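Asks: Protein chains in written order, with our numbering: chain A, 1 to 427; chain B, 1 to 186; chain C, 1 to 311.
It should be emphasised that the hints constitute simulated quantities derived from the structure, not laboratory data. None of the values given here were measured: they were computed from a predicted structure. Where hints are given, some of them may not hold.
Some but not every residue of chain C turned toward chain B, in silico, with C-beta under 7 Å [stated by the list, open to error]:
| no. | residue |
| --- | --- |
| 1 | S28 |
| 2 | V75 |
| 3 | I77 |
| 4 | K305 |
We put the beta carbon where it would ideally sit given N, CA and C, even for glycine.
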Amino acid sequence: MVLLIKNGRVLDPASGLDDVVDVLVEGQKISTIAKGIKPSAKDVTVIDAAHLVVLPGLIDIHTHLREPGHEYKETIRSGSLAGAAGGFTSLACMANTNPVNDSASVTEFILEKARKEACVNIYPVGAITKGLKGESLTETGDLKAAGVIALSDDGHSVKNAQLMRRGLEYAKNFSLPVICHCEDLDLSAGGAIHEGTTSAYLGLRGIPPIAEEIMVARDIALCEWTKHPIHIAHVSTAGSVRIIREAKARGVPVTAETAPHYFTLTEEAVTTFDTNTKINPPLRSARDVEAIKEGLKDGTIDVIASDHAPHSSLEKDVEYDNAAFGIIGLETALPLTLALVSQKVLDLKQAVGKLSCNPAKILNLNKGSLRTGADADITIVDLESEFTVDVTAFKSKSRNSPFHGWRLKGHATHTIVSGTIVFQAKN
Amino acid sequence: MADSLTRIILDKQDINRTLTRIAHEIWERNRGLENLVLIGIRRRGVSIAHRLSRKLQEIAGISVPVGALDITLYRDDFSEIDSQPVIKKTEIPFSLKGKRIILCDDVLYTGRTIRAALDGIIDLGRPMSIQLAVLIDRGHRELPIHANYVGKNISTTIDELIEVFLEEDDHIEQVIVIKGHKDGTQ
Amino acid sequence: MELSNKDLLAIRDLSPEEILLILDTAESMKEISTRDIKKVPTLRGKTVINLFYEPSTRTRTSFEIAGKRLSADVVNISTSTSSTTKGETLKDTGRNLQAMNPDLIVIRHSCAGAPKILADTLPASIINAGDGAHEHPTQALLDAFTIREKKKTLSGIKVAIIGDITHSRVARSNIFLLQKMGADIRVSGPHTMVPPFIEELGVSFMPDMEEAIHDVDVIMMLRIQLERQQHGLFPSIREYSRFFGLNLEKLKKAKSDVLIMHPGPINRGVEIAPEVADGPYSIILDQVTSGVAVRMALLYLLIGKGNRESN
Numbered sequence: 001m002v003l004l005i006k007n008g009r010v011l012d013p014a015s016g017l018d019d020v021v022d023v024l025v026e027g028q029k030i031s032t033i034a035k036g037i038k039p040s041a042k043d044v045t046v047i048d049a050a051h052l053v054v055l056p057g058l059i060d061i062h063t064h065l066r067e068p069g070h071e072y073k074e075t076i077r078s079g080s081l082a083g084a085a086g087g088f089t090s091l092a093c094m095a096n097t098n099p100v101n102d103s104a105s106v107t108e109f110i111l112e113k114a115r116k117e118a119c120v121n122i123y124p125v126g127a128i129t130k131g132l133k134g135e136s137l138t139e140t141g142d143l144k145a146a147g148v149i150a151l152s153d154d155g156h157s158v159k160n161a162q163l164m165r166r167g168l169e170y171a172k173n174f175s176l177p178v179i180c181h182c183e184d185l186d187l188s189a190g191g192a193i194h195e196g197t198t199s200a201y202l203g204l205r206g207i208p209p210i211a212e213e214i215m216v217a218r219d220i221a222l223c224e225w226t227k228h229p230i231h232i233a234h235v236s237t238a239g240s241v242r243i244i245r246e247a248k249a250r251g252v253p254v255t256a257e258t259a260p261h262y263f264t265l266t267e268e269a270v271t272t273f274d275t276n277t278k279i280n281p282p283l284r285s286a287r288d289v290e291a292i293k294e295g296l297k298d299g300t301i302d303v304i305a306s307d308h309a310p311h312s313s314l315e316k317d318v319e320y321d322n323a324a325f326g327i328i329g330l331e332t333a334l335p336l337t338l339a340l341v342s343q344k345v346l347d348l349k350q351a352v353g354k355l356s357c358n359p360a361k362i363l364n365l366n367k368g369s370l371r372t373g374a375d376a377d378i379t380i381v382d383l384e385s386e387f388t389v390d391v392t393a394f395k396s397k398s399r400n401s402p403f404h405g406w407r408l409k410g411h412a413t414h415t416i417v418s419g420t421i422v423f424q425a426k427n
Numbered sequence: 001m002a003d004s005l006t007r008i009i010l011d012k013q014d015i016n017r018t019l020t021r022i023a024h025e026i027w028e029r030n031r032g033l034e035n036l037v038l039i040g041i042r043r044r045g046v047s048i049a050h051r052l053s054r055k056l057q058e059i060a061g062i063s064v065p066v067g068a069l070d071i072t073l074y075r076d077d078f079s080e081i082d083s084q085p086v087i088k089k090t091e092i093p094f095s096l097k098g099k100r101i102i103l104c105d106d107v108l109y110t111g112r113t114i115r116a117a118l119d120g121i122i123d124l125g126r127p128m129s130i131q132l133a134v135l136i137d138r139g140h141r142e143l144p145i146h147a148n149y150v151g152k153n154i155s156t157t158i159d160e161l162i163e164v165f166l167e168e169d170d171h172i173e174q175v176i177v178i179k180g181h182k183d184g185t186q
Numbered sequence: 001m002e003l004s005n006k007d008l009l010a011i012r013d014l015s016p017e018e019i020l021l022i023l024d025t026a027e028s029m030k031e032i033s034t035r036d037i038k039k040v041p042t043l044r045g046k047t048v049i050n051l052f053y054e055p056s057t058r059t060r061t062s063f064e065i066a067g068k069r070l071s072a073d074v075v076n077i078s079t080s081t082s083s084t085t086k087g088e089t090l091k092d093t094g095r096n097l098q099a100m101n102p103d104l105i106v107i108r109h110s111c112a113g114a115p116k117i118l119a120d121t122l123p124a125s126i127i128n129a130g131d132g133a134h135e136h137p138t139q140a141l142l143d144a145f146t147i148r149e150k151k152k153t154l155s156g157i158k159v160a161i162i163g164d165i166t167h168s169r170v171a172r173s174n175i176f177l178l179q180k181m182g183a184d185i186r187v188s189g190p191h192t193m194v195p196p197f198i199e200e201l202g203v204s205f206m207p208d209m210e211e212a213i214h215d216v217d218v219i220m221m222l223r224i225q226l227e228r229q230q231h232g233l234f235p236s237i238r239e240y241s242r243f244f245g246l247n248l249e250k251l252k253k254a255k256s257d258v259l260i261m262h263p264g265p266i267n268r269g270v271e272i273a274p275e276v277a278d279g280p281y282s283i284i285l286d287q288v289t290s291g292v293a294v295r296m297a298l299l300y301l302l303i304g305k306g307n308r309e310s311n
């Protein structure tokens, strides 16, 4: 299998390449990057990438694939198709499945399923504590040996600071980064939306920004003490950005992600009582949104992750208070990130860094770069084409997106995983 | 409306003369009887009732109390009409029990308004009798209702509209017929 | 003039003109309740369903009487939220009720926004009779009606709302309504029960209750949910009553013609002293009377005409 991508603008923040060149893929690897490559063999698939940009495959550090346990919401297969359609070549899937990915057998199941059914790379994240209960540590070494690339109790904070400390220390033995969901459950208890103007208007219970910030501060303190790298998941508040920025300036090994909705929507979106605006952490104030953008711009926030959280109508077509938290994002993350480029918050290179090189670095994956000999995970993007988001056409099994009907610009035209085209946009 | 024709059928003097005559007739028919009250149907029936009360005072020296009835809540055409009528107050500051009621309205047409008014009055108490006085009877009855006192009978076609203007309500005083009106709804 | 929506979900959706229409119509309706025969045929053949997911005697009865005085057929359904968390959703329940062709559904629900789910799903008119801590629009309308009756106007009057603002749909609806009508509103209560962004609603916050009430025309006391004490929102009933309850001593600081309101049911001796609740300034029972008139007006305005679809 030989693939030749011609005339595209090849942008690789990791190597600094940004030029109109051709990319030749032979087998699963990139074999040549040069101008005017002539196809040598006859059975070469040629992609004309003129006016398109050729990027290192996008990597989502924060996805919920729901399998095992909640296959009616998403499966490893449907989630991988959604990822491919959104331009992602690798997905790190969180541990809050049923059963929880807290043992090697569950990890093995996921990887086996992925090998058979997924069209993109699937990297399981293992639980920090058994059953995500925050009571005792998982067999971290076993998990690592089975294939997890990070640890997280995503969906919960490890409430007990001592246990979190032990978790970090123990993960250090196996060089597994720890992804922190930061939420003080006492402060957020009963809350459905951001505690702010909108909650004052609507009478919905608020989740104050401090519920996140207190835990961000705690986990950073633990990180600083244990000197083991942590990655703060879905940063949503101005205060968190400030705390992380200060920690980074001190040299604390902390990285952070946000999700597109936290720089695209504010709490005001909730006023329609659309349950597709119910997310944890919640949509915040306009001031927070500005701070998130500032954090992305100055590098405080390293990664843009989808936090793809599929739910069916059973969880979403109910009263706001009773609806599940979470929205899907794999198929909208790229255009929403590119909107930041249009707004001049980020340049294209920074945007690609946050969607590919940085998550690769955090997860210690040998990916996120286009260079000779690298895995041929490539995303080709049309930056200019506009489209209307139609959730009914999503590859995901779920439809819980607040962006249905939005006009967005820029999407993947081809998603290539290990030299195979796994998604090609219809045009 | 381009081809509509407007004709004045009663002017201010005519209206005054007509109401005087009706007051005389009321007095004739109810002479010596007690418990007489006037109930006007909102809006212009109320003005007519007040005027008749004043005339009865002049003619016979009797004081006849006046009440105002809003029949909106008793209408039978809620499902027919496009715009919702605004409800006004019913103000009848006296008991109707055992009273001889003179019900007053400006125009008698299908009879449906009077039907509604009769229901409304009976809900308020059981009167001894109800008589009906109208300034104009234009025919086209849809219910078996008959006025006891009529200012003027006018034969109309269904596409004509009768409009009564009284100074209390409209600042001018006349009764006109508009021809060629699409729907003669009164 | 008529209402522009088929539903009444929130005061926020009403224009000042629509509020006036409702209040004026209610004034005409009030007379009916004083008659010997307290019934008019206006809504004959219309079906009104009271769908109550939270216990309520006063509001449900008020709607029931309002419907019956207009000759509507009123059906009461009381159901607990817990039985609906598994299985049948609110939408399912709504669709089932719709299949029986009601003209209007009055819904009370513990979740903010629940009435909107029905309104968006069903052709029947929906009246929100209280949704979570969101809104209780008919309460605000009857409060405004009562104030206007006594003070002749809503414009320029000063109103103090005292108590648990955060959890009160009555407070929210009253704030939105009175503001639209030009009243000047301040709230008072423990910081733990006042939303941190309350001033963005356009009201002022005065932590000292005596200061809040000293120059107002109306004092609106809110019911304190006694179980909030367990959630650490106030330390004891005794202390709450001392600082945020209305008693005769505090009332001395208020204007001589002040009106005292309470949406009921009252906690005697907690947020309001018995002498105050039963005293000359209290218009608590007038509020209840107004409630029927206002709800009659709303039923008439929402379903007292032909099917909107066919117009």
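Asks: Return the numbers of the hints above that this structure violates; sort them in rising order.
Replies: 2, 3
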